[in-house]
Every structure is written in structure tokens, then in C-alpha cells.
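Undergrad: Spelled out, the chains give:
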Amino acid sequence: MVKAVRGALVKCDASIKAMLVDIDSKNRNDFIIEELDEEHVLVKETKVNELKQRLQDMMKARLKEPETSDSEG
Amino acid sequence: MSASSSQALEYLELLPRQTHTKLYEQPSTVLAVFRCMLPHLAKSIVMAMLYMPSPFPAADLDAWFRPEAKKEKEKALSVLDQLHIIVHRVDASRQVSYELYKGFQRSLRHALEGSGTHGSFGVPASQPDPNKVDVAFLDDYARKQWENILFYMVGSTVGLATSGALGQDVGTGTKQLLKMGDFVKVVNGRVNITQAGFSFVLQDTNAQVWSLLIVYLRNAAALGMSETDVLSFLFMLGSLELGQDYTTSTLSPTQLKLLEDLSQFGIIYRSSDDAPTFYPTRLATTLTSDASALSASQSLSTSLATTHTDTTAKGFIIIETNYRLYAYTSSLLQIAVLSLFTKLTTRHPNLVSGKLTKESITRAVSLGISSAQIISYLTAHAHPQMQKQQPFLPPTVMDQIRLWEYEGERMEISTGYLIKEFATEGEYRDVAGYAESLGVLVWRNDSKRVFFVDRIEQVSAYLSRKNRAG
Amino acid sequence: MNAIDGTVRQVKTDDTPPPSLLAIVLDTNPHAWAHLSSTLPLSSAIANLLVFINAHLASGNANEVAVIASHSRRAQWLYPTPKGPISHHPSSNGDANGDIEMNGVSHPNGSTTTTTPAKENANKYRPFSTVENAILSNLSNLLSSTTESDLASTPTTLIGGALSLALTHIAKSTLLHSPVDPLASDNPLSALADSESVARTQRIPLTSRILIISVSGDLANQYIPVMNSIFAAQRKRIPIDILKLAGDTVLLQQASDATGGVYMKPERPEGLLQYLMMAFLPDAVARRSLVMPSAGGVDFRAACFCHRKVVDIGYVCSVCLSIFCEPNLPGNLCLTCGSYLSLRAAQTATPALVARKKKKRKRVAGTDSATPSGTPAATTPMHP
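Residue numbers (full-length UniProt numbering), protein chains in the order written: chain Z, 1 to 73; chain P, 1 to 470; chain H, 1 to 384.
Since the hints were derived computationally from the structure, they do not count as laboratory data.
Because the structure is a prediction, the values reported are computed rather than measured.
Be aware that one or more of the hints could be misleading.
As the list claims (entries may be wrong) - With a straight-line cut-off of 30 angstroms between C-alpha atoms, the simulated DSS-like cross-links for lysine-lysine are:
| no. | chain 1 | residue 1 | chain 2 | residue 2 |
| --- | --- | --- | --- | --- |
| 1 | P | Lys355 | Z | Lys60 |
| 2 | Z | Lys44 | P | Lys448 |
| 3 | Z | Lys52 | Z | Lys26 |
| 4 | Z | Lys44 | P | Lys179 |
| 5 | Z | Lys47 | P | Lys185 |
| 6 | P | Lys355 | Z | Lys44 |
| 7 | Z | Lys52 | P | Lys179 |
| 8 | P | Lys102 | P | Lys420 |
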């Protein structure tokens, strides 16, 4: 029988997906409904914004921003 | 179909069938729906069926279309289905055929033949108006009213010196509406524009009018108005003639109330609040037409965008490949909009100049403006000199704006439904193919037999039809 | 992100179909309509045509229409109304002047002024009623100004003049619509005509087509002007659609075939509106997705320049390619270009060559049965 699941499809890099899965596993699997493939994850619709925020925090903590390129201003 | 009418179409599609049936009683509404809501091929289908004495067999319809146009055909049929314009019939020998809904068919025939006694195309005033106004006055009036609304929204966010004086001409009803539509937020008496508001400001005028009116429609019930009444009046406005005065005596109380609000937006003009006549302005008469297709209204959307002192008839923005931007404008509104995503540096009497920087773009993105909006705004207002090239904007600049946006946005999110657990490969392929032809398919994975759609109504209807048939 | 490719930079193009101009040539030949009066009187044909015009105007917001009557001795504008006083006598030279100044060529959303004040009718969409009133009043002017001597003088209609008027109008409107800047984009009409590749410098934002509603039979006497119009239309990529309600003529079949238009000859003329709505309403954009009726087998025979007869085998001037039906030219000079042309010699000197060619053609034409019913099998293919 065909089933339909409501949710938000998140399309991203494999690297970003790894981070999403990481966030999910540290939060009692509260975000992800299903991992679809390398680049697609199905996420609970209500949690999308929170997930986005957490991802941004994570990125900020882990990534060094390259030099701000405003030299030719 | 322009962006503006697709917005209205989206709204219309979600209305229930009863509302559609009621709407289609008015020939003017039917004509407007036909003229601007339907995809091009859907128009051909409707017209072919309009005077057909018997239902149109699906097999004949298939034969009429070229095989390579199957996708377009499905799309046209699905819109017609959603708007409750055509109905499927299955007869005793299981032959599928299509038929127009009777109400729609009757009204469209009335509209084309000019028959009937519905009077839905507006009753012109019988007495000549002593204070008759001309088209130029109406354009001026509409522009001023609409610009005031935009000023009210943008003004305080970008910190214009005169922001205190802004928005004084905007009626309280309009302010209320902007708040309800989530275009602005009032925090401590200060008006702050929201993400939706930014998208609103960057749209073309026609789309802006529709956005505002759709908010109005959504809240019509709360204001004690019937949605259908309001909607059919708006469609009637779209079929009126510019510069002609129309009598208010034939309007219903709801519509009279509506008139007051619409004159606040600048969509219609009345010499006084209890005047027996009203004039539609160009904002009204282009409601149901393609702004881009009409040269007359095009000059409006640009004249709305620029001030009277500005003599540039068309675009005014020049962008160089080094991201420098020059805008020949002295309109505060334009400068305010530009400053949303540009680092403006100098201002001259008729020119502002600045630069698109990573900082300015990411700030705009964090405010909720998308790179596509910025690019389409810049394209729409490109200086005639820029328009000599194709594309108008330097490709490097367009690419860079997008890349800057993607740097901050690492996920692409679409909400909808995941459809899975198909029993057979054939069933999966069939349903996924159907979803694709409808244009609702977002993603599919053939090996796992799952796909994702952003709208499910028609797909589930298709599935249940299939189950019943199978 | 893999999916994001910064080089995808196509500007979001407006998929709105371009405005479409429909020039209708209505054959008002009184003789032919008199024949049809039992099945389809002119009045009901006009009523159906008006609904069709409204449907066309409704199909696109910037769509335009032009209607020309091809009458017995002149071609007359029905819409837009020509400026200046309409003469109430048939003009002496019979042919309408091509460079009439017209009003109402601007945009269709009102502001068109007609000679008759449009009646205010709240049941009718204003642009529709403007067009309707203009057509009806101009048509009644035309009919009332037709004298008996006009009727007696000729049994046919001036289709050539009307076609030229339609083409000039389309050319003018196209100029008015052409964009400020040339956009290097494909021409939406390019798929329609199969003519030689004309260097297209800019996209034509206005797509035009001509619809001829024809009731008259033999039009061979206007072979040259009509053929010239056909070639002009082909060059400009304007499809000529033909709705043949009565009569039969090879000329119009060739017109629709050469320009990629629709050809229809309904068995019974009563269902006029349904034919119009289904076959002739879709514009160039819609036609790309639809299967349109065409003439099928087309009779490509030409008419001779000397007697306006449709000929199976003719004689062709080697200089100007004029066609003659018999070799006896006065003074052995070509009637068109005046160069020396001894056809009798051609006929007597190499009869074998002509005969062989003829036979070959005959067989080809016979096997693929390209000729419509009622015409002899021998054809002289003259596909341009």
C-alpha cells in the first residue's frame, strides 16, 4: 500500500548531511524522519527552523571564516 | 502567466468548489479567470469545448495534442480541474470524457456574446460628472497612494531622516492590513518591515497589488464580508475602463464598504467618500491583465517606481562587472529599496552610487531577501544601456550574488509529502510520472521507489482513482 | 552543495505567450452568400465571427484583431475603422488604397475611437463591444453602398487587395510592437513556415496570422496579386489560415500550405463557430502543442498570366518565369517582361523533352495521390 509522509525535504551536501545527522543523534532523534540518500533527508516540518539554527551555530563554531574580502571597496 | 497572476491563481486554486461555483455566476469573473488565470493551452481547451454540443472524449483530446506536448496537456487539465472548470465523466462503457461545468460555460458564453442581464461589467454613471478627472490625474493619484504604502513599509527600516513624516497619509485600515499580512511588525511604535514585506517591496506593482488584495481577501470574512463578493468585485474592477466613471448605485453594501478601502490603496478614486460615482485607476484596470504585456501599464509600474521629478521613463540602474552600482534616481523610495542590499556611498542630485558587497548581500539574505529577488529587481530596473546586452546584468555579478547567498544557506528546504512503499515498479513509475507532469514532483529516487511532492491533493486523487479502477 | 551551480544564469523568462494579431479577411461576395443563405446566412456567420473575435481577444491580454471585407469590387476595412470620411459611393477605381491612416491600432484596452459612439452596455466587456460596434456599422455601410452595377460587373471577390491590406496592417503593427533592443531569441513562428531561411535579426514580439473566410469559388483571375501576397506572408512568417465555406480554389490551398496555416473545408457550413473555436483560435504558441488540420493534398497548379486559367502544362518565360497557357504570344514577346520569347519554337523543336518530363511528373503525382478530389491527376508541382 502506498504511504505518504508529511515533512520537509532537505537537500544538502553529504558533509552538511553528516552534520544534520550528528545534530539529530545528539537530540534524541528529534529532527529527522528518514534519511533518503546521500544528499536528501526528510525532516519534521515543525523542526526545520530549529535545525537550521543549530546547523548555523555548528558551522560558526567549526568553520573559520576566510578573510573578509572588502579590500577593493 | 505573469508572476502576479500566478499568485492570484494559487489563491484561487485553494478555494473550495462551492466558492468557485458561486464565483462563476458572474460573467465578468469568469472572463477574468479565463483571461489571466489559465495557462495558454488551457484557454485553447476551454474554447474548443465551449460550444461543443457533447462532452469531449478524452481520446479525442489526446489525439488533438501532439505526443510531445503531453506534459503541457496534463498541466493545463490539472489547472482546469483544480479551478473546477472541467469535470471528468466516465460513461457506461468506461469511456472518459471531459465537460465544462455548466455555470462556467454559461457565464463564459454570456461574456463572449454580451448576452444576459447580469450587468457585471460595471454600470457607467448616467449623469456626466461635474468634476470629471482625466487619466493623468488618476495615474498620479494611484502612484501617490501606492508609493505612500511602500514608503510606510520601507521608510523606518532603512532609517530615512523623514521617516517620522512617512506613513501619515496611509489609512489605519491599510496599516492594519499590512500588519495582518505580516508585511510589517510594529515594535514600540516603530514600524519594522518583515521578511514577507521585503519580498513584497521587491515585486512589481501588479504583483504587489495582488499580494495586498489577497491578504484582504483572507481577512474579508473577519471584516464581515463575503469572500466571493469581494473577489467578484475585484474581477469586475479589472474589466472596467480607465477614465470612465461608474455608478455606485448598483453595488451591494459589502462592495460599497470595499470601495472605501480600495480608494485608500489608490486602486479606485472617488472625489469624496459619499460620491455617487467612482473611477478605477490603472492599478485596478491592470488587475486582470498582464502588466508586462501592456505598454501603458508598463509605464505605470515604472512611473510608480520613480518620482515625478525623475524623467527616466524606464530602468535607471547600471551595474558594472566590478560590482559598482549607479542608480539614476532621486526617489527616496528607490534609494531605500536599493540600500537594502547595496552599500551606498555617494548621493548626487539625480544619482546614487554604491557597491554590491558580500556584506551587503548577506545582510539582505539574513533579512529574508533571496538572491533571485535581488537579481530580478535589478533586471527589472536595468538602465536602457544595460538592456542592450543579454542578459542585462553582468553574469559575474549575478553568479556572485547567488554564491554569496548560498554561502549562508547550506540547505534547500521544501515542504510537502514523501510518497513511498509502492508495490510494483510499474505503479511507482506511473504515479511518479503523473506527479512530474503536474509539476509537483520535487525529488525522486528510482532505486528506492520513493518520491517527494510539494502538493499532494491531485496525486492522492489520482491514486484513489487508480485503486478504484484497478 | 553539488546541486548549486553558479553558472546557471538564465534570467527567469516570462513564459507569457507574445501578443497575437489576428487579421481576418472576410469574403463578403454577395453572389456566394446568396448561394449559402439557406444553410448559413451572412448575418449568423457574422454573429459567430464576432464571438470568435471576442474569444481571440480574451485569449491574450494584448491580443489584437483586424477585419477586412473582401467585397465584390473593393477591399474595405471593417476594423479598425479607417480615419476620415468613409465614402458612401464605391470608389471608382475599385481598389482600396493601401495607406489608409487607421485609428485604434494602439492597444486594445479601450481608448479606441470609433465612428459610432459605443453604446454603454453593462453586460458586455468594453473592448468587446467597441470592436463589435465598429465591425457591424462598417459592414452595414459597406453593404448599403453596394450598387447593382457592382454586383453585375463581377461574380468574384477582391481577395488579393484584402490580403495586401492585411499584410500592410500586420507590418505596421509589428513595427509598433518591436522592442527597443533586439533580443537574440528564437522566433516563435520559425517552426511554422518552411520557406527559405531569412536572416532574422530580432525577435518579433507580435505574432500575427491571417484568417481568410472564403465563400467564393474561382479566384484564378487574381493569381498574380494573391501569389505575391502569399510569398510576402511566407517571408514574414505569417501563417494564412483558410476556412473555405463554399466554392473551391487551388489558390487558397496553396496559400495555407506555403505559409504553414490551417486549411479547412467543412462539409456543412452550419457548425461555423465550433470550427472557428477549435481549429482557428489556437495561436502560434498553442499550435506547437496541437495537431492542426491542414489541406492534406494540395493542388499546386498555377494559373497562366495571359488568360488567368489554371493550367496543367504551361509555357514559362525564361527571363521572368511568367506562365502562359499557349505558345502564340503576340510578336513573340513575353507579356510581362517584354523580352523575346519564341514559344512555338520550343514546342516544335524539342517535343520529346517536354513529353518525357510530363510523363514522369504524372506518374509521381498519381502514385502518392496528392491531388484533392475533383482535379485531374496531372499536376505541375510549383512548391515554392
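Undergrad: Hint by hint, say whether it matches the structure.
TA: Tested hints:
no. : hint                  : result
1   : Lys355(P) / Lys60(Z)  : holds, 26 angstroms
2   : Lys44(Z) / Lys448(P)  : holds, 20 angstroms
3   : Lys52(Z) / Lys26(Z)   : holds, 15 angstroms
4   : Lys44(Z) / Lys179(P)  : holds, 29 angstroms
5   : Lys47(Z) / Lys185(P)  : holds, 24 angstroms
6   : Lys355(P) / Lys44(Z)  : violated, 40 angstroms
7   : Lys52(Z) / Lys179(P)  : holds, 26 angstroms
8   : Lys102(P) / Lys420(P) : violated, 38 angstroms
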